[in-house]
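Visitor: Fit the two chains together into the complex; they arrive one by one in their own frames, and the hints show the way.
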Amino acid sequence: MSPWAPYKPTDAAPWNLERVVHLHHRAAFAATWAEVQRDLRDGSDVAVTRLLEGQARLEGVPESFESLATIIGQAAVDSGSAERLKAWWLYRCLFTPHPLQERLTLMWHNHFATSNLKVGDLRLMKRQNDIFRRHALSSFGDLLTAAIRDPALLNWLDAPANRKAHPNENLARELMELFTLGIGHYTEEDVKQSARALTGWTVRQGDFIEQPTAHDDGEKTILGRTGNWNGSDLLKTLLEQPAAAHRLASRLCLEFLGEHVVDDKALDELANGLRLNNLDIRWGVETILRSELFFSAPNLMSRVCDPVSFVVGPLRALEFWRHPPGTIVMADWLRRMDQDLFYPPNVGGWPGGRAWLSTRTILARSNFMAALVAGELSSPVHPPDLARLIANHSGDTAQTTGEKVRFLSQLLFGLTMDDSSPSVAEGEPLGSLLLRLLTGQFAYLH
Amino acid sequence: MQPARVNRSRRQFLKESALVSLSPLLPAFLARSVAAADAKPDDRVLVVIQLDGGNDGLNTVIPFADELYARYRKELRIKPHEVLKLDESVGLHPQMMPAKELFDAGRLAVVQGVGYPNPNRSHFESMAIWHHACVGSEDHDGIGWLGRTADTWVSPEASSSGSIYVGVEAPSVAVRGRRANVVSLENEADLMLAPAIEQMIPPSLKANNDLSAFVQRSIDQSYAAAKQFSGSAAVQAGGNDGYPASKLGQKLRLVSRLLKLDGNTRIYYVSQPGYDTHSAQTYPHAQLLREFSSALKAFMTDLQVSKLDDRVVVLAFSEFGRRVDENASGGTDHGAAGPVFLAGSPVRGGILNGHPSLSDLDVGDLKMQVDFRQVYATLLQNWLAVDSQTILKEQFKPFDCLRPS
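Residue numbers (the working numbering), protein chains in the order written: chain A, 11 to 456; chain B, 6 to 410.
Chain B on its own, in the form it takes in the complex (with noise of 0.2 Å):
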């Protein structure tokens, strides 16, 4: 394990900006404010984008060199002149600019070909497997990878929130915990105070003991929190952040606020619906790429912006790749193996690996070359700091997509 990192230039940055100035007022914006000594505002945060219904890998980050690509996408085929060429033989999709321009910068990781062995071809039961990091439905027990992280921060004196998940849908498997709390948040409106209660000053009573100054803080630093965030909506909104207005786009826009305001909660979750293109997907497939790498695109330059992008990993995967072959309604069915993206500047911008194979095929479907399970472990143990023997069972080779630190 290595030691958490410390950044000389985001120490200062903490020092002096005035957001952060407050912080002493905001133990625990979102968890439970039981403990208000573990805010560790230097602490590396994992953003994971899900990207829901089976994204269509090969024509996300297309091997464009390959006749065979061509062959097999006679319909779907992105032509080689509009594909955005990431080297000799890949590209990717021509609606993510962005994402091209994060990986111009470096900033952006592209690993190919990560599933795990015996694919399962259920939304269901990939999905789940992704999130408990287990391939036996067997240990499929509601608690994820990122819960049973979680789990091991939690302690009988600290707090924390151990993830936050954005969203109006219940958490994700992968976030929960055995005892690790997930915080839900819908949207902005969770974090406002009514007008008929910022108008009221508040009655700020004397304490008769512990518990009811500990009330009375929490109120206060409460309304205080509030304050802020609507402050700094007002100012957002007033000029232009740069986030797109897709509902992805603003899911990030708010972990972006929250990891702003809250220092104590280590993984984000939010996702993206709409993958499964069985039929007609060459417009809707197009246009959630451009969601997603817009929304990636400004999330980063809001985090780098705002001098917290050495402390923000992305992680961005789908439960399965599409089948190769596409089908006869202009779709695809649901694959295998699919790429992973990964983002901030934490990592190894770049193409970490090759191409599956397209001519060594494993019934119709690309073969796995990395287990999603190898970048989880390089994820936990090597930014997370947590011993990914523990969370995953098993031990996994690393999958190096991080800079050295």
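Isolated chain A (complex conformation) (with noise of 0.2 Å):
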């Protein structure tokens, strides 16, 4: 049988609240009690139209989120500070109706990875986010093309030094290696080509334009199609190769999936469905959100979560925004865990995965986490009220330490095995055991 075959529900599979906490940890930023146990309820085929949907979250939306968040980030350009933008952007994961969107605009920003650092200009930056965001489930053909007829990426590899008879190469290769086919799917002599077709597509007072005194319109054998090949055919060439369907595959697995989940078989499967539906990027993330694959027990826990994740997750299912977090603080604390928005370390983007763990981001983790639970996130110190949360949520349920140690690490990680809380003293104050458990291994997992 198919790994791409709907899930459902089985004695060794069942829908319970640690596949609730699954899908919201990995397609959104977590989820509140009340989101949790309405998904349990209603079952996965709904809680997954909901991610898909947009109407994911039950509660702590603003009514106005788009018109506020529309003020912020264009305040944050006119600042001229990147920190502003940042925010901004941590603003929307943490308010948005639609968090999957947030989630997929963070994988576009890291595929085609492009720092503020060489583009220098916020408006732009934020303009290819934007670009991220309204393509994020859309067919990949328009993402890309839309992602690179736009100032922001063709600044950050050198399009405007690209021109007829001085080719640059640098669009040509990345636009092959990382954006579309990956290494092994062309020559150098095809980036050469490449490049040649890519002539005169730059960037005039900071719009795209086409040039065509800059275009070398001769002649360019690209991928074994030879003719007086432009930008536009480079782009469609590209999309029409199995190894584009493949890339794209194996971004949307390593995305939505853990470490070996995925074997070649299934991967070309998925790639195969992407060809026949035009690269259609909904299409793939809601055949693998729906997946036995995705339910089945060896990819739950069995990724190293990334820092926004880490850092957005426990905020919403601890239910900060009655004292918001300052998203300023928020984004400073994700680039001492090497997830600096706007800035990836290069071309190639954050590696993820197991890397983004090392001796200086588990401290940046740790400490971000000690100044949740003191509660230095918001202005003025506003530690989270635990014993309301609980009380609200399990009712008279939770009454020994060791209870409420439990339904925090079913809230957080979903877990019901008592392996997931560390060993309790009755009496030990609720902050310093959520300390215990933000720091602990299952608080890296998701």
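If you're looking for bench data, these hints aren't it; they were derived computationally from the structure.
Built from N, CA and C at the ideal position, the CB exists for glycine as well.
Check each hint, because a few of them may be wrong.
[What the hints assert, rightly or not] Below, simulated DSSO-like cross-link-like pairs (lysine-lysine); rule was C-alpha separation at most 30 Å, straight line:
(1) B/K79 / B/K105
(2) B/K372 / B/K402
(3) B/K312 / B/K79
(4) A/K128 / B/K398
(5) A/K174 / B/K398
(6) A/K128 / B/K252
(7) B/K312 / B/K252
(8) B/K398 / A/K202
(9) B/K265 / B/K232
(10) B/K265 / B/K105
(11) A/K136 / A/K275
(12) B/K105 / B/K90
[Claimed, not checked] Now the stretches of chain A that chain B is said to cover, found in silico as 3 or more residues with beta-carbon under 8 Å:
(13) 76 to 83
(14) 307 to 318
(15) 439 to 446
Guide: Structural data, given as structure tokens:
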């Protein structure tokens, strides 16, 4: 049977708290107790549909979210402060009704990794970010075209220096190696010829233009096809390559599945499906999120969570919006965890997975959680009211310290087994127990 | 390419040192801890100090015996009796006594008249040239010479932080690679645990599988490293460790502590801003040179005491020197070639070439005698043991600045 067959709850893979939390950790940024309970009740089909439709969040979403976000984003660009633009994005992650869209925006930021270090223009960085968001679930061809015919990426990859008779291969190479085909699916000659096809795509006064005088309209042979190709022809050719579908399938699996969960056969099958569906990202994401493979036991708790999830997830689960955390402060913590938004380390993006963890980033993660538990993310300082949170949601069932810890580990990790809880001493303050949970190994996995 | 030099006493030291004996716990103190097996504590390290703004080389390594010097520098002239003489004709600025001591100990090399053809007098362009090690701006793609070097060390299995940049600003283009990672550190607080965590008994949970074992091990190791780091901080804070309080001094102090803890990183990069001295430069320039040389001396002494000095070479450069003729505001304007310093016991200490002529100028600037890429080529080929032609995209005649090993 196909690993992509729709998931149906079984005794071995029941639709339980663990799987609801798993879904929200991978496809959103965790969930509140009420959201978890709702999805547990309504089943996986409805839960996945809610995520795809931007209806996963029940609470903690401002009524006028979009207009507030627009104002914050514009003010950030006007201020010229990259910190404020990072804060804007975190505001979106925390308060959007559509967390899957933000997660995918982050994924595309990593796929088309562009750093403001070189672009040096917040307006362009935000514009690119909006493209990733707008096309987060569209066809990959539309996303690719929009992302490339846009100043941030063109400046980042030296397109303005790519002129007839003076080709610069940077854009052509990354387009093939990183954005579409992957190493091994093109030759150096293809890179050279593609660079020629892309001549004339440049930036003028902060906007994309096609400059005919800079374009080399001579004959080129790219991936075995000969013609007077231009940039649009090149994109079309690349998108038709089986390798492009394969790379897209890999990217989606890397984002939504854990270590060693998908095998080559499953990847091929997903890539074929993507080709048949015109590289429709939504189709790919939906196929994965609804699949047997996604909810299979080996896929649970099988990847190192990225810093944004690590930071935003507990804030959502613990209903922090009552005392909103400072998003500029959060962005700075992310930088210390090596995920400096708008400043990916290089054109390859963040390597992710186990590579997120080094001594320095682990210390940053732990210190962040200490600040969270102490309430230092909000101004004025406001520690989370755990007693109230627990009482609201568990009624009378969590009385002892052990029961309270169990509730928190269910909320945060979806785990019911006692293994997830550190040994507790009756009477240990809830804050200190929470800190132990949030800095333990389960907080690092999802 | 030469085989990596093995130093018996260093090996011995590694075995004996309590500090390093913990190193199996610290596979990658700052690097990604994907693979634990790639730490090679004997690897050679390059530390770059960037003197930002265009250092007035003529008042740094001073041709005091040349009468033209006094003629060009009427107001800014350092008097011959004040110059710290290195030989019969040149000497260091009087505030550079610590550097003079390094020189006398044979651990400082001076390369004079370093630059590149068709000098560019824009800070941005010239720095970009030094960072990329390419003179054509069309080749300035944001990937620097040390980034390209670190790229050659990237492999799917092994992980190392290609470079560590110490400073609050964005890492220099010089260390940015296509694939290699740059760790940027502002200060020591980045490597310490919050008190609430330190007091917490870490829940060492049972691992269910390889991934959770990896995570647990990484957490445990990181806490151990932080404790070790704060322990060494306490020790150092208690005694006088010799580093000046200047920003550069503190940056180099952090580099030294990282060197002692992290066997993986081979490139460190720091900068000292402030060298753009267009007016009234006498005092600020003296101050900068004092900071530079005292920080460098403290660092070299520390390395020597820690028996790390045979592993480390320091390169100090500025994007250009300044105009030979002083300007009317008691300062100097953007120029061309200037001196480069190399420090460390692997360096061939001394004055490695003559001072550029003060009578044969290129529109008022010193002419280049050594292309900076010749110095890079030597450091790449003979120190970092990478193919310099691959990195520099051209073959440069090596400049003989290292002791034979």
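Visitor: The structure should be examined with respect to each hint, and the outcome stated for every one.
Guide: Quick rundown of the hints versus the structure:
Distance hint between B/K79 and B/K105 is fulfilled; the C-alpha atoms sit about 25 Å from each other, no more than 30 Å. Proximity of B/K372 to B/K402 is assessed by CA-CA distance (about 18 Å); at most 30 Å being required, the pair is judged to hold. For a cut-off of 30 Å, the pair hint linking B/K312 to B/K79 is broken: about 45 Å separates their Cα positions. This hinted pair checks out: A/K128 and B/K398 have alpha carbons roughly 22 Å apart, not beyond 30 Å.
Restraint check for A/K174 and B/K398: the C-alpha separation of about 23 Å stays at or below 30 Å, so the hint holds. Restraint check for A/K128 and B/K252: the C-alpha separation of about 26 Å stays at or below 30 Å, so the hint holds. A hinted pair counts as satisfied when its Cα atoms are at most 30 Å apart, and B/K312 with B/K252 qualifies at roughly 24 Å. Using a Cα cut-off of 30 Å, the hinted pair B/K398 and A/K202 holds, with the two alpha carbons roughly 18 Å apart.
With a CA separation close to 14 Å, the supplied pair B/K265 and B/K232 stays within the 30 Å bound. Between B/K265 and B/K105 the CA atoms are separated by roughly 26 Å; this keeps the pair inside 30 Å, and the hint holds. About 38 Å separates the Cα atoms of A/K136 and A/K275, which puts this hinted pair outside 30 Å; it is violated. As the CA atoms of B/K105 and B/K90 are separated by approximately 9 Å, the hinted pair is consistent with the 30 Å bound.
Only residues whose C-beta sits within less than 8 Å of a C-beta in chain B count toward coverage, and the segment 76 to 83 of chain A has 0 of them, not enough to reach three; the restraint is violated. Interface restraint, the segment 307 to 318 of chain A with chain B: holds (4 residues with C-beta to C-beta distance below 8 Å; minimum three). Coverage of the segment 439 to 446 of chain A by chain B holds. Counting CB-CB distances below 8 Å, 3 residues qualify, and the rule asks for three or more.
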